[in-house]
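If you're matching them up, the sequences are chains A and B in order.
Numbered continuously in the working numbering, the first sequence closes out at residue 313.
Numbered continuously in the working numbering, the second sequence closes out at residue 438.
Please keep in mind that the hints were generated in silico from the structure rather than gathered at the bench.
You may find that some hints are simply not true.
[Unchecked claim] Chain A residues, not near chain B, derived (Cβ > 12 Å throughout):
1. Arg4
2. Glu10
3. Leu75
4. Asp129
5. Leu149
6. Ser241
7. Arg265
[As the list claims (entries may be wrong)] What follows is a list of derived Cβ distance ranges for each label pair:
8. A/Glu225 <-> B/Asp195: 12 to 22 Å
9. A/Glu239 <-> B/Thr304: 42 to 52 Å
10. A/Glu121 <-> B/Ala169: 24 to 34 Å
11. A/Lys157 <-> B/Lys395: 54 to 64 Å
12. B/Arg397 <-> A/Asn232: 44 to 54 Å
13. B/Thr170 <-> A/Leu227: 20 to 30 Å
[Claimed, not checked] Taking lysine to any residue and the SDA-like style, the derived pairs with C-alpha atoms no more than 20 Å apart in a straight line are:
14. A/Lys157 <-> A/Gly181
15. A/Lys89 <-> B/Val328
16. A/Lys76 <-> B/Val328
Built from N, CA and C at the ideal position, the CB exists for glycine as well.
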Amino acid sequence: MPKRDLISIEDLSRADVELLLDTAESFLPVLERDIKKVPTLRGRTIINLFWEASTRTSSSFDLAAKRLSADTLALKASGSAVEKGETLKDTAITLSAYSPDIIVMRHPSAGACQTLSANTEASVINAGDGKHQHPTQCLLDLFSMRQNLGRDLDGLKVFIIGDILHSRVARSDIMGFKMLGMDVTLVAPPTLMPRGIEEMGVTVEYDLANLKDADVIYLLRIQKERLKAGANYLPSLREYSELYGISQARLRPGQRVMHPGPINRGVEIASDIADDDENLIAHQVFSGLAVRMAILYRTIVGYSDGSASGEVF
Amino acid sequence: MERTWCKRLPAADLLIKAGRVVDPESGVDAVRDVLVSKGKVAEVGTDLKAGKNTRVVDAAGMLVLPGFVDLHTHFRTPGREDEEDLATASAAAAAGGYVAAFGMANTDPVVDTAMILKGLTEQARAAAVIPVGFFAAVTRGLAGDQLTEMGELGAAGAVGFSDDGRPLATAALTRRALQYVKVSGRFVAIHAQDDSLFKGGQMHEGSASARLGLTGIPSLCESLDVSRSLDIAAYEDATLHICHVSTAASLAAIARAKEAGVKVTCEVTPHHLTLTDEAVAALDPNLKMNPPLRAESDREALVTALAGGLIDCVATDHAPHVAEEKDVPFEEAPFGCIGLETAFSVLYERLVLGKALDLSTLVARMSAGPARIAGLAAPSVSPGAVADLCVVDPKARWTVTVEGLRSRSFNSPWLGREMTAKVRLTVAAGRVACDDLA
């Protein structure tokens, strides 16, 4: 079986996505047991390379691999040979000597997963590369939607609001949401809206006038860097919050709020929403574990349902 | 005034039999024999007979073309001979049918004094298999502060002046350069780019960069500098050459300037004529160049402008990088690709066989067009001319491979791809510079 990477959501067909979500669902009972571990990937080696800060993604990949009984190895840029100037190609060659089955990587540069994949036999799973893609975030978002809003997401109206320009989550989500038939609207200040994005089949808006049409409101974090002098993406957080921040007052009943985290209270999201049980934010974190278990499992045993070989849980 | 230099290889005596001679200069497009004697074209006709010491080349089914001239090569010498030098670059050029090539000044040290230029001409005499020449920098050390001694550099043989790789950052500097270059009788070639709009740019700004999440380089970044520089050239009545034009908006500005009589010429690369930003999706660092691959509408405008003559010539912007520089994530890779060995094949297959350009026009834009800008006699397969020609097998299929490339670097966007048409023989300045037929 040729190795299977997951670098972009575009590496997956709709059937693959649905299979991954079904697989994640089948892992849920495991996560509710007292002993939350299955022997499925015993003897397999999974390396987590996080060249950029991460809490949710790195912890859930690590735990997902452990829940499946795989051996894991976690490396960060600080304290590794990267600080001594080792190139990614050489890191790939070095780690490949351990014959890992999967390397999960987060990296600040788009294209890093391709470089890694070209230099290892292991399957590469992208845990975020620059502003390019974050496919596992998209899959867990889809899982949370399916668990909370019903299995059929076709026709669901989603508003993605925030710094679209710098967001790998937005790019993966647009692709995944569209794939499952959702209707996607992007809202951002014009300075943070990438030119040409409408060709992905989304509606582009610069204000919240049509927010009432949304079933799901997906908020993106506003980074402090966007306010650096001379960048001129935004005049102030205050004005951003005024124009684009979401509070209960802006919602109608039934609208569900999502956020990939970490949140900025009082900027893109008001505390009254952040603390409200109706939002899906904590569920997204929970989904991360089941979905990443499913991704690791499918990457090793195969995507086509019938061909799954080796131990099954 | 001597502006190119090469090794003194033996003068060629050849009878090239029954090839299709396509020579826009003499207006010939017919099957002919070409007799080269002591390095000159002695006769073009039918049923020509070879003398005793004349090698006969069977060119049946092949094209016999005036040799190509590249106005935009990065020889990487001095300073980065690990990437390329005059021997390997000139061999690569010869393999691509080139009979002359001009190097840009962004070397280490920069070509900014007559002393360095003269050192290079000596090296060229020792190592180059085709005539090569050199641009000198507009500003010392390409620092954008102080003009070079253009009078002395021009007298030492600089073909023109360029800070290529960097723009002339201000209107005031562009103006001074275009004023002062007149002491040399040469021209200024600009790398048009508004740095304030370039910052952090990775690829063309458009739907592909939006989808990929790579910082865009807007077409505006080029066309603003093109427009400004054209206005200054018009005001100063100076001669301006615009390197590697990549956008439709730049072409519109150049068309207006040419219409108004501004002394401007421009070039386009083979990759901008044949590839678009969509090709970047796989994040192959060999497809990262500056200017970046643009939108399909830009590419179409470039092809139309080349066909109609608004663009004067094809230039490769041959930019070698060693493997370790390109074997990194796309966002960390340097800009640039090599192009000398694939230029004609790519353009013949994509544009001529693709019916976007006729062969004679392509040949004119690769040969006489750039030669005139450089101040060289236009290569011509006609009696009395120095033999500057190439023989091309238009049906040959070949694959671009690391081992097959003559260049020391192999950062080609076409690596691993199958090509149509291959240069089999190149005669440059009357000497055989590349020979795949022997």
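Right, here's what the structure says about each hint:
Separation of A/Arg4 from chain B is adequate, the least Cβ-Cβ distance of about 17 Å exceeding the 12 Å criterion. The non-interface label for A/Glu10 is inconsistent with chain B: the shortest C-beta to C-beta separation is roughly 9 Å, within 12 Å. No beta-carbon of chain B is positioned within 12 Å of the beta-carbon of A/Leu75; the least distance is around 17 Å. A beta-carbon of chain B is positioned within 12 Å of the beta-carbon of A/Asp129; the least distance is around 8 Å.
Every beta carbon of chain B lies more than 12 Å from that of A/Leu149, the smallest distance being close to 26 Å; the non-interface claim holds. Residue-level check passed: A/Ser241 sits 25 Å from the nearest beta carbon of chain B, beyond 12 Å. Non-interface status of A/Arg265 relative to chain B is upheld: no Cβ of that chain comes within 12 Å, the nearest being about 26 Å off. Separation of A/Glu225 from B/Asp195 is about 20 Å and conforms to the stated range, judged on CB atoms against 12 to 22 Å.
Separated by about 45 Å at the C-beta atoms, A/Glu239 and B/Thr304 satisfy the suggested range of 42 to 52 Å. At roughly 47 Å, the beta carbons of A/Glu121 and B/Ala169 sit outside the given window of 24 to 34 Å. Here the CB-CB span from A/Lys157 to B/Lys395 is close to 57 Å, well matched to the stated 54 to 64 Å. In this structure the hint that B/Arg397 and A/Asn232 lie 44 to 54 Å apart at CB holds, the actual value being about 52 Å.
Judged by the Cβ atoms, the range 20 to 30 Å given for B/Thr170 and A/Leu227 holds: they are separated by roughly 29 Å. The suggested pairing of A/Lys157 with A/Gly181 holds, with an alpha-carbon distance near 10 Å, which does not exceed 20 Å. Between A/Lys89 and B/Val328, the direct Cα distance comes to roughly 7 Å. Compliance with the 20 Å bound is thereby established for this hinted pair. Taking the CA atoms of A/Lys76 and B/Val328, the gap is near 18 Å; set against the 20 Å cutoff, the hint holds.
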